[in-house]
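Visitor: Chain by chain, the residues:
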Amino acid sequence: MQVSDGTDHAIDVRKAVKRYGDFTALKSITLSIRDNEFFTLLGPSGCGKTTLLRMIAGFEDVTEGEIFLFGDEIENLPPNKRPVNTVFQNYALFPHMNVLENVCFGLEMLGRGKAEARRRAGEILEMVQLSQFSERKPSQLSGGQQQRVALARALAPQPKVLLLDEPLSALDLKLRKAMQLELKHLQRETGITFIFVTHDQEEALTMSDRIAVMSAGEVQQLGEARDIYERPENRFVADFIGETNLIDVTVKAKDGSRVLCAFDNGLTLTCDAVPGIGVGQSGHMSIRPERMKLHQEMIEAENFRARVIENVYVGTDVQSILGLDGGMRLTVRTQNSDRGKARIFEPGSDVFVDVEFGSARLLAH
Amino acid sequence: MSRARFDVKSYPGFVQLTVLCLLILYLPLMVVAVYSFNASASIVNWEGFSLRWYADVFTGPESAKFKLAARNSFIIAITAATVATAIATLAATAMIRGGRFRLRVLSLGLISLPLMVPEIVTAVATLIFFNTIGFERGTLTILLAHIAFCIPFAYLPISARMQGIEDTYEQAALDLYATKRQAFTRVLLPLMMPGIVSGYLLAFIISLDDFIITNFVKGAGVETLPTAIFGAVKQGLKPNIMAISTMLVGFSIIMVTVSYFVGKKDN
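In the order they appear, the protein sequences are chains A and B.
For the first sequence, position 243 matches number 243 in the UniProt record's numbering, and the numbering has no gaps at all.
For the second sequence, position 164 matches number 164 in the UniProt record's numbering, and the numbering has no gaps at all.
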């Protein structure tokens, strides 16, 4: 048995491959999840995030590669021999048992005495504020309460890692927001490593210490929320996380760590150079809508001219659709605040667009 | 939702047709039930209400024969239903939890085929089979035949129930450190129980009521209630037969009703 070098890693996935017949669901995934971390696997449906989670839980065989849990190789163990627990998407609470029996189940299967199981279950129900519901059947609880029972049941046996498979997707928006904070809080309080699967990028940004963005069976980028949002490494990540303007560009010149990029309509903008794109090569540029400001006058040399086509009021912001030369479109968000003095221009106005320094990202692919 | 537009009751002749169908189905049974309370020894002339034929069933000259036949019937029905339900439960588990395996469709067909084959064919085939292997006819041959044809009846409610149970429950049990056996006994089996009870009762009643197959495979001198009734009828129709029949119908109705409600019960 190979011994993992990173002993502070809760989970080490090494070159894990999952194939279903001819279809490859996961293409050689390698990633490490630290101890006591809130880690999120984020991606659109079909990207392989749930498959990876189920491989860690033991519900899916690993076609190739290894999975280590605190240095122990686990990919060949059955699910009941892995000290990890899962919160299922539909909760999967046992309908014939009451809340307390559900929470005790794991402890009893581990051979703890009935008294100890009840004591521990009582503690954990206290923690999720469900003590008064312990005699109820799951069907007598609301969606949010069922969700908390599922959490309590999975946390009761004190797993080394808790796996959460889109557990908030069945809740309405308000409850989901509240549960996001509660989950984060529970993770801190218990000190257990959480691996959370979601397709909701906002949820991922809100809760996670680190995020692995997945697509087409591969990890596209792994990093902290801020890294992923502000420094996307490729077109997919830039487009999937938040809103962005993606512009086809060609690199015209290089000056130290900066490059000059030209849009198809001839406009130019400088940004940080990235490996993989040299002078004369084409790529994409990502500019977040909130990282641009509109002015009546040109205030920086790189400001370019545009015309406001439409303003869309979205509550916290006003979203302006701009038309540029050559039929190019850009979206700019301006915060809806009197204090910032950011001006909203009427449709039809000619404006200058000021891209915040450092916020234009060149992407190789 | 507009009820009036799609209400089947608004079709012309609906009520009349329904009443006609129900009459054709149930009038003969009603006649038997009513005349079982006739004071007369005649089966056509009504001479007032009496329970004498019910008393006759239990104490009359033929009572010993009927009691023995009833005892055989219940022993066979309980045993056949128990064995058939156990087999059907395992079959349903394999069919629904076994994933996609080779010949799955064929297996499903083989399980439910006895429901489609005319019973007389099964009866003759079973008889020939027992003769060919030299198995002496008696209570045991009846029991074996009953187990065989009860399996599909027990299978249907069990598999229907099981199809509604998501496999995440078992996954959750495995995830919470249960062995496969514990996941089955602690989680899957309790969830399947309404289907199992329903299947058991259905198999029981099918076995209790069976005549054709029983008549073919029973040995000389071994009678079940349906064959005993048939034998008595051949010697002339007496009101005590109506009393037994009415009791059997009543018992069947109770069993099927219980089976229906247990099968429907959630959790």
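Think of the hints as simulated: they come from the structure by calculation, not from any bench.
Hints should not be assumed to be uniformly reliable.
Unchecked claim - Below 27 Å or equal to it, Euclidean Cα-Cα: the simulated DSSO-like pairs (lysine-lysine) are:
id, chain 1, residue 1, chain 2, residue 2
1, A, Lys160, A, Lys174
2, A, Lys81, B, Lys65
3, A, Lys160, A, Lys81
4, A, Lys114, A, Lys177
5, A, Lys174, A, Lys137
6, B, Lys218, B, Lys65
7, A, Lys184, A, Lys160
8, B, Lys67, B, Lys180
9, B, Lys67, A, Lys160
10, B, Lys264, B, Lys238
11, A, Lys81, A, Lys114
12, A, Lys114, A, Lys137
13, B, Lys180, A, Lys114
14, A, Lys137, B, Lys67
15, A, Lys137, B, Lys234
Unchecked claim - With beta-carbon atoms standing in for the labels, derived distance ranges:
id, chain 1, residue 1, chain 2, residue 2, range
16, B, Val105, A, Thr63, 23 to 31 Å
17, B, Phe135, A, Val17, 14 to 22 Å
18, B, Leu25, A, Asp22, 50 to 58 Å
19, B, Ile78, A, Asp22, 48 to 56 Å
20, A, Pro347, B, Arg100, 39 to 47 Å
21, B, Phe58, A, Leu110, 53 to 61 Å
22, A, Lys81, B, Pro190, 18 to 26 Å
23, B, Arg100, A, Arg136, 54 to 62 Å
24, B, Gln163, A, Lys177, 30 to 38 Å
25, A, Leu110, B, Gly219, 50 to 58 Å
26, A, Gly191, B, Pro190, 29 to 37 Å
Cβ coordinates follow ideal geometry from the N, Cα and C atoms, glycine included.
Visitor: Would you pick out the hints that fail for this structure and give their numbers low to high?
Guide: Failing hints, ascending: 1, 2, 4, 8, 9, 10, 14, 15, 17, 20 and 23.
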